[in-house]
Each structure stands twice: as C-alpha cells, then as structure tokens.
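Chemist: What follows is the residue order along each chain.
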Amino acid sequence: MWRYIFKRLVSLIPTVLGVSLIVFSLMHISGDPVRLMYGPNVAQEKVDERRAELGLDDPILVQYARWLFRAVQGDLGKSIRTNDRVTTMIGQRVEATLSLTILALLITLVISIPAGVISAVKPYSVFDNASRVFALFWVSAPNFWLGLIFILIFGVQLGWLPISGRHGPLWSVDGFLSHILPALTLGLPPAALFTRLIRSNMLEVIHEDYIRTARGKGLPETVIVVKHAMRNSLIPVMTLLGLRMPWLFGGAVVTETVFAWPGMGRLMVDSIMKRDYPVVQGAVLFLALLVVLANLLVDVMYAWVDPRIKYD
Amino acid sequence: MNRWLWMLVALVMLFSATASFAADEPQRGGTLVVGLGEEPETLDPHTTTRFHSYIVLHHIVEPLFTLDEDFNVIPWLVEDYDWSDDGLTMTLYLKKGIRFHNGQEMTARDVKASYERFFELSPIATYMPESAGGIYAIETPDDYTVVLRFRTPKPLALYELADAHMAIMPADWLDSTPEEDIGIRALVGTGPVKFVEWIPGDRIATERYEDYSHGPAFARNKGPAYVDRMVFRIIPEPSTLVAELMSGEVDISFDVPPNAVAALLRNPGVRVETVPTYSAQYMAVNMTRPIFEDIRVRQALAHAINKQAIARAAWHGVGHPISSLLSPATIGYWPGSEDIEYKYDPERARALLDEAGWRVGPGGIRQKDGQSLELTLITFSNIDQWRRAGEIIQAQLGNIGIRVNLETAEVGATYDRARAGDFDIGVFRNTWWLGHPYLFFLTHSTNIGSSNYALWSTPELDANLETAQNALDPQERQRALNEAQRIAIESAAWVPLVSNAQILAAKTSVGGVDELMKHPWWPPTLRALELYKK
Chain A
1 MWRYIFKRLV SLIPTVLGVS LIVFSLMHIS GDPVRLMYGP NVAQEKVDER
51 RAELGLDDPI LVQYARWLFR AVQGDLGKSI RTNDRVTTMI GQRVEATLSL
101 TILALLITLV ISIPAGVISA VKPYSVFDNA SRVFALFWVS APNFWLGLIF
151 ILIFGVQLGW LPISGRHGPL WSVDGFLSHI LPALTLGLPP AALFTRLIRS
201 NMLEVIHEDY IRTARGKGLP ETVIVVKHAM RNSLIPVMTL LGLRMPWLFG
251 GAVVTETVFA WPGMGRLMVD SIMKRDYPVV QGAVLFLALL VVLANLLVDV
301 MYAWVDPRIK YD
Chain B
1001 MNRWLWMLVA LVMLFSATAS FAADEPQRGG TLVVGLGEEP ETLDPHTTTR
1051 FHSYIVLHHI VEPLFTLDED FNVIPWLVED YDWSDDGLTM TLYLKKGIRF
1101 HNGQEMTARD VKASYERFFE LSPIATYMPE SAGGIYAIET PDDYTVVLRF
1151 RTPKPLALYE LADAHMAIMP ADWLDSTPEE DIGIRALVGT GPVKFVEWIP
1201 GDRIATERYE DYSHGPAFAR NKGPAYVDRM VFRIIPEPST LVAELMSGEV
1251 DISFDVPPNA VAALLRNPGV RVETVPTYSA QYMAVNMTRP IFEDIRVRQA
1301 LAHAINKQAI ARAAWHGVGH PISSLLSPAT IGYWPGSEDI EYKYDPERAR
1351 ALLDEAGWRV GPGGIRQKDG QSLELTLITF SNIDQWRRAG EIIQAQLGNI
1401 GIRVNLETAE VGATYDRARA GDFDIGVFRN TWWLGHPYLF FLTHSTNIGS
1451 SNYALWSTPE LDANLETAQN ALDPQERQRA LNEAQRIAIE SAAWVPLVSN
1501 AQILAAKTSV GGVDELMKHP WWPPTLRALE LYKK
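Residue numbers (this note's numbering), protein chains in the order written: chain A, 1 to 312; chain B, 1001 to 1534.
Don't take each hint at face value.
[Claimed, not checked] Mimicking DSBU-like on lysine-lysine, the simulated pairs with C-alpha atoms at most 30 Å apart in a straight line are:
no., chain 1, residue 1, chain 2, residue 2
1, A, LYS46, A, LYS274
2, B, LYS1112, A, LYS78
3, B, LYS1112, A, LYS46
4, A, LYS217, A, LYS227
5, B, LYS1533, B, LYS1368
6, A, LYS78, A, LYS274
[Claimed, not checked] From chain A, some residues computed to sit far from chain B (all C-beta separations above 10 Å):
no., residue
7, SER20
8, GLN44
9, VAL156
10, PHE176
11, LEU267
12, ASP299
In case anyone wonders, no lab produced these hints; they're calculated from the structure.
The C-beta atom is built at its ideal place from N, Cα and C for all residues, glycine as well.
Just chain A, same shape as in the assembly (with noise of 0.2 Å):
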C-alpha cells in the first residue's frame, strides 16, 4: 500500500510538471501585465523599465526554468501587482476555498446518498419522480444564476442568511451562516448528479444474487441495503467523486466571484485578468496538488470500501 502511494506521489511530478510549463505559456502569449497595471497615464519608458526589473524582456523558456528553480526550493516568487510573496497570498486564501468546497461536498453526499438510496429501494415510486425532476433541475441550473437566484431569494427577500462575503471562520455563528449560500451553490448540482448515479448502482446491486441470498437468510431489509448493496454501489460514485474534484474547485471560482468570497477562485480569476503571472502560476500549481492528491485519497479510499482491491 505504501509503495503504491509514494510511487502515485512520484508521478505526480510530470503532471504537476506538464500542468505549470501549460499556465506559463498560455499566460505569457496573452497581454503585457505591466501596461495593464499601469494602466495608460503611464509613459512607455516607465513600464519598459518595470518589465526589465521583473525579467518579462527575457525569453519565456529562461523565465520558465527560473521560476521552476525557485519554486522547487518552494519560494513560489513575488506577484507583480501587490509585490507580496505569492505563498502568503495562497496561505491567505486556501482555508475560505477548503472550508466552502468541503461543506458543499457534504452537501452533495448527505443529499445524494440517501435520496439515491431511496429512489433505487422504491423505483418508479412519487419521491423517485419527484427526485428525477428536481435532479434534471440542479443539473442544467448553471453556477451563477443558481448563486444570484439564491441570494435574491434568501438575502434579499426573506433576509434570512448574508447576501455575500466570508464572515468568519465555518466554525462560528456568523461564519457558518455566511457559508451556507455559496455551498449550496456549490453542492446542490453535483448532488442531483450523484442522486441518479447512486439509484442506477443501487438498481444493479439490488439483484445481483448475494442480495437475494441475504433476504433468504431472513436478514432484516435495512441491513440488506445499508450494509450489503450501498457498500458495493459506493465504488463508482467514489470515482465519480475523484473526476469531480477539479469541478468542484473550478466551480468555486464562479460561486467565489458571486459571492464575494475571499478564495483561491477568486485570487485565481484576478491575476488572470491582470496577467499577475506569478500568482496564477503558484495558485494553479497548488490546485493541481490538491486535485491529484484528492484523487489519490480516493484511490485509497476504493481499498477500504472494497477489501478485493489491492494496491501492490
């Protein structure tokens, strides 16, 4: 089991190789961040001379192998616009990311798990049509039009939750209220999405022969479903799980924007607008981390819900 962990995490580094010379060149094609800060009262020589300070004249594979040299050594570089250091600004923002995608993503599982379960234990029944209904719904809502719908409904209207911003840490009052628009946002269409995923798993399980051994054997249903089929169906969902987490992370990027929320999404889509290479560079970088290793803990994850799968 280890061997195959360190040997997953060893080939993490062509990708995370492959996804940064990616960013770097596709960044570099596009826009001068220089003017772009400046904006355009200032004079030429002015943003020449702040270009050549940041080594913007050199050719971009010389700037490449720079930034890689450094990043190795974890020193991530300066951002152009605020000149901070880029890991301060990452450190700043990844705990807003991490706590609004993890509540999203117990949305989506507290949501989906039962209502699959259920949709696939009574098929064709009223909840599982009501269920297909309210998935086909979540699923073709697009991000921000659920988030801004959300807000005029439940800020505007009733007033009952904040409209946007991240008022505190999800473990106080106030924070975990300001959490609760955006993760919904955020969970609700994957939600629908696994609801019919874990019905049609379920629907398979259900009658396959060692569940109906298990209803022979005079087992109680509940323990039938809970402990025999749900178990079993469990394995696709979770792969489905490791695919979506780039989405979920990409999808925080529109939902930080509505909502004003002080993420890496957001940190994100401001230094591509501005061309803050720097910034884009480490924070993709660090994204890319976090999506291969959440896909690693599901891969891990396959062997404790199914103890046939082993890693050698």
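Using the hints, position chain B against chain A.
Modeler: For chain B alone, kept in the frame of chain A given last:
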C-alpha cells in the same frame, strides 16, 4: 377628558418631532461598510497607479495640500508656503502638532523621506522629479520647514503636492517596515481613519483616528470621524453589490454600475446621486491612414456620431456628452469647446463625404477610385460601455455609408494595437483630474507611439501644450490650454464622446451625504469625516 387627550397627542407629536430632529444630527459610533467593486492592488501611495487603491488609501494618508470645491489648491498639513519669483524655490511651513497614527509628530524629515520615496518608486512621478527638470534637492532647515529646489520652474507643482500619491508617511516607519508589508499589511498616515487589517479578497478594515482634528477648510467636521470603523468590502460581482446595498450589509458604494441605477432608484431605502467625473471616452482617428488626410472625411465621422445616443444606450443615461477631450469636471476645461464642436448632423456628414469624392456605391457603402469606405474600429471587449459605444458608432457610421468592422479585445491588447497604429478608428478612455498634463499626454507629438492614439500633432498644438504646462502665469497657461483644446477638436483627429458620471448609492440610514455632495468629487477625507450611521 377630551382636552387631556389632545394635550397628550400634542406632547407625543412634540416628542417625535424632537426625536426626528435629533436623528438628523450627526451621530457617533457604528461601522460604515463601503462596497468596493474592485480590490486595490496595494495601499502604498508611492507605488500605486490604480483608482481603487487611490480612493481607499486616501482615507488613511494625506498629502500636504488639497483641492477645495472650486479646484483651488489650499494648504492642509502646511501652515503656509512661499514660492520664489523665479519659481525655483518653494518653502513649506508645516503645521505643528499633526501626529501620525503611530503617535509620532509629522516633521520635515518625514516630508523629505516621503517625497524621495515617491520619486524613486512611483511610475507616475513624471513631473516633479529632477529627471523631469523638477526637484533636485529637498532641504530641512528645521523640523517644520521644508525647502524644495527646482531645476526649472514647475508651475503645476502645487497640484502635484495636493495629490495623495505624494502623501506623507513617517520616515522612521518607512525605514523599519519591510517593503513588501507597506500598503499591504501596514499603512501609517495622518488621515481620519487608521489602517487595521486587510483580508485579501474580502475586506479592508479601518478605525477612527481619535486624535484627528485637522479636517480641511471645506469640511464641516474637522475631526475626529463620526463612525467607529470604516470597512471596505470587496464585492466584484455588480449584482451582488446591488443586492448588498438593497438589503445587506453594505451602507454605501461608489462602484454601482450604470445599468443598476434604475433598479436602485426604485428602492425607497437607497439614495442615488451622480456627479460628472473627469474621465473622458473619446474616439481617435489614425492619422497615418491616407484616407484621413482629407479633413472632410474626419469631420464627416465627427458629425455622424450621436453622442447623446451613446450616453443613453451605452451609459444607461448616467453619462454626459462632452465637447472637448477634457471633461467639464477636469481642471482647465474650456467651455468655449461647446460652441465649436462638430454637432450631430448626419446630413452634413453625408454632404462632406460627397464633397470629398466618396460616392454611395453598391450595398450603400461609399466608394472612391474603386476603394470602398471600410474602417476597422477597435475598442475594449471587457468594458460594457466601450463595447456598446463601439457598436453604436458602427451603426451610426453605417448610416452615412461607411462600413465599420468592430474588433474588440481586452484593455491591454487594445492599447497594444493602438500604440502600434494597427487600427483606423478606436474608442479609448482616459482619466486625469488636471487638464494640462493630461492633454499633453493625449495629443503631444512626443507621445505618438505611446498615448497619442491619433498618432498626430502639429507644431502649433505642441507649442500650446508646452506653454500650458510651463508658463508661470496661470492665465497664460489657461489661454494656451484653451487653444490646444480648440486645435484638437477642430482637427477632428479626436472626437470627444461621453464623460461618465460617478455614482453614489447609499442606504437612507447613512447620514452626511448632503455634506459630501457640496464638494464636486466627494474626496475620501470628506467621506471619512462626514458620513455617519443614523
């Protein structure tokens, strides 16, 4: 019994009248939440070039001079000043007893350190440093006297000294604070609010500076501020900002988009005010194109554009057509421009093109010597008001038989194309409160290839722009600036379009807005001093 009842009613009415009167008196306490549409990149006055940085930092740090309601430069942190007749020596006498937020008294040493840091770091320090013929020595004969020595006379120096980019910060603090912390994790000035913290992406928190008592002459409240805390919340999504204003945490915002004004006006709990700004949206004609050598073609373009339609449709009515490259709110604006501008007159435009030999051909597009009149218009894709202005101009020029290919790109890419001359006509923007350097920047021949997007000037225009910046006599400067505006307008190489309005939207529970309205550009200091929570 009846009489007693009436007396009771009268008493209740009297009581409520006093209560409502008291409610209009400024009240101390509370937190004022200001909604910001864009996050500042730093609050360091000596390095920033961004509007949102400038607006926030100007609550915390202050320059030595300021501008009054009529745009006159008035002393603020200085008692008085002398300027030698030759314009080469300026002596500043600092006010005594003005203290920074860290408790230190402001002295000549701090002024020297701040100015030197500004000259060294700021990309917009182009007028005052020695390299521009400006200050070569800053002397401090005693704690309260600063002597500025100029290489050549700099008649606009006082305006520069009234700019918060030249704000004063404590010399010792500047020395001892790591450069990457200044303006990000720490900021010390003499302003009415103190920097508390900046949670990136979320908010910048400030609190009242209790020892503040040097509010400028035009402020009713000289200090300290009424509110305990002023918090700037960063809300990039305009719809969210509007929702926050209507029923959320945000009390006031200066970043409401023009298209939200109508919705806010319908909300009785929100007050909306607008004032003209010194920003200008204008069209530049690429004068290196042979097609534009004939002034009649340029004049036809100018006559074909309906600025009012742009103000209405692109700016949602929250903008004013302008007749000069300077907006009426910019210092140095020439009112005479209104009489000489090329007014909207499509018939005249068509006649001019006919005269120039451009006849209507197949498909309604004009032609001359086998060439059809087809122009490439560039503007910003990511700013609604510019993209829409581009579309409107495209349609209006289409009306007089010119086919316009609209090519939009984001701001940086558009300016790159403009500087390279890779366009026929372009819609650009600029914002500067002081007309003299601004017009120089936009139209002087030395700026061809950088900020002169018409890529054109004349010796006469150049000479007037230079006089407007350098003459010691203020009237001579204004005359030259008027003349430069006239030449620019008549050339039709630039077509002024619209100046947007600054929008203030505040909950009705915010007091002091009327006081703020007395000053034409709502200075941040006034916002900090006069606004309060009812």
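Chemist: Against the structure shown, which of the earlier numbered hints fail to hold, in ascending order?
Modeler: Hint check: 5, 8, 9, 11 fail, others pass.
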